[in-house]
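These are the residues of each chain, in order.
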Amino acid sequence: GQNIDQPTEMTATEGAIVQINCTYQTSGFNGLFWYQQHAGEAPTFLSYNVLDGLEEKGRFSSFLSRSKGYSYLLLKELQMKDSASYLCAVRDPKDGAAGNKLTFGGGTRVLVKP
Amino acid sequence: NAGVTQTPKFQVLKTGQSMTLQCAQDMNHEYMSWYRQDPGMGLRLIHYSVGAGITDQGEVPNGYNVSRSTTEDFPLRLLSAAPSQTSVYFCASSSGIRDSQGETQYFGPGTRLLVL
Chain A
27 GQNIDQPTEM
37 TATEGAIVQI
47 NCTYQTSGFN
57 GLFWYQQHAG
67 EAPTFLSYNV
77 LDGLEEKGRF
87 SSFLSRSKGY
97 SYLLLKELQM
107 KDSASYLCAV
117 RDPKDGAAGN
127 KLTFGGGTRV
137 LVKP
Chain B
2 NAGVTQTPKF
12 QVLKTGQSMT
22 LQCAQDMNHE
32 YMSWYRQDPG
42 MGLRLIHYSV
52 GAGITDQGEV
62 PNGYNVSRST
72 TEDFPLRLLS
82 AAPSQTSVYF
92 CASSSGIRDS
102 QGETQYFGPG
112 TRLLVL
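Chains as they are written, first to last, in my numbering: chain A, 27 to 140; chain B, 2 to 117.
FYI, nobody ran anything at the bench for these hints, they're computed from the structure. Heads up, none of these hints are tricks.
What follows is a set of in silico ranges between Cβ atoms, one per label pair, in the way DEER data are often shown:
| id | chain 1 | residue 1 | chain 2 | residue 2 | range |
| --- | --- | --- | --- | --- | --- |
| 1 | B | Gly41 | A | Gly79 | 28 to 36 Å |
| 2 | A | Thr49 | B | Gly17 | 39 to 47 Å |
| 3 | A | Ala42 | B | Asp74 | 40 to 48 Å |
| 4 | A | Gly79 | B | Asn2 | 26 to 34 Å |
| 5 | B | Ala3 | A | Pro33 | 32 to 40 Å |
| 6 | A | Lys94 | B | Arg99 | 18 to 26 Å |
Away from chain A, derived, C-beta distances all over 10 Å, residues of chain B:
| id | residue |
| --- | --- |
| 7 | Asn2 |
| 8 | Ala3 |
| 9 | Pro9 |
| 10 | Lys15 |
| 11 | Met20 |
| 12 | Met28 |
| 13 | Pro62 |
| 14 | Arg69 |
| 15 | Ser70 |
| 16 | Gln86 |
Quick look at which bits of chain A chain B covers, simulated, 3 or more residues with Cβ under 8 Å:
| id | region |
| --- | --- |
| 17 | 65-77 |
| 18 | 129-139 |
Idealized CB from N, CA, C, for every residue including glycine.
Use the sequences and the hints to build the structure in full.
Now the structure itself:
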């Protein structure tokens, strides 16, 4: 089975940095995704990690350590519009018929205050 | 491209009623899936399809049926609605190509379902 943990809620100030951690225990690993979801809307893709290390995309970065079963999403220069939920998801390791099955964590709600 | 579309946006059902949630995508994606999202529980996979004519169960399939007669459409059927099926339902699709975005899934806008 798959188990993915992330904090329920975080609060940060506009202009600051916030780090959202995600730990996973899975029977295998074939990639980790971060999605952003504003209230009442659909999740949208933020980042993808399949190898260890840091992936940077503008104000957002994502890090992966496969040996530790750990990832984080780093949000820099926080803006009010970054207030949203952030979802960590791990892909099932099997290819073929189950090639793109994702298991999601419960999501972390980030509140950005002025 | 409209991307992934879902209808209806909102629905209220009585216990025991049946209904179909529609999902369509115009990106020629092979992989499609249905999730439900409940407070504090994240997204849970209901059913998925790797191509027309092929479907399989996800984590929480009970009470739901699916079919995939075309690449574009992937409807979700509730045969006899129960209050436990009150949730937000998202349909998603992906291309089948492991590109720089890892074959990310694209989500529809969701259907909010209330079962009384």
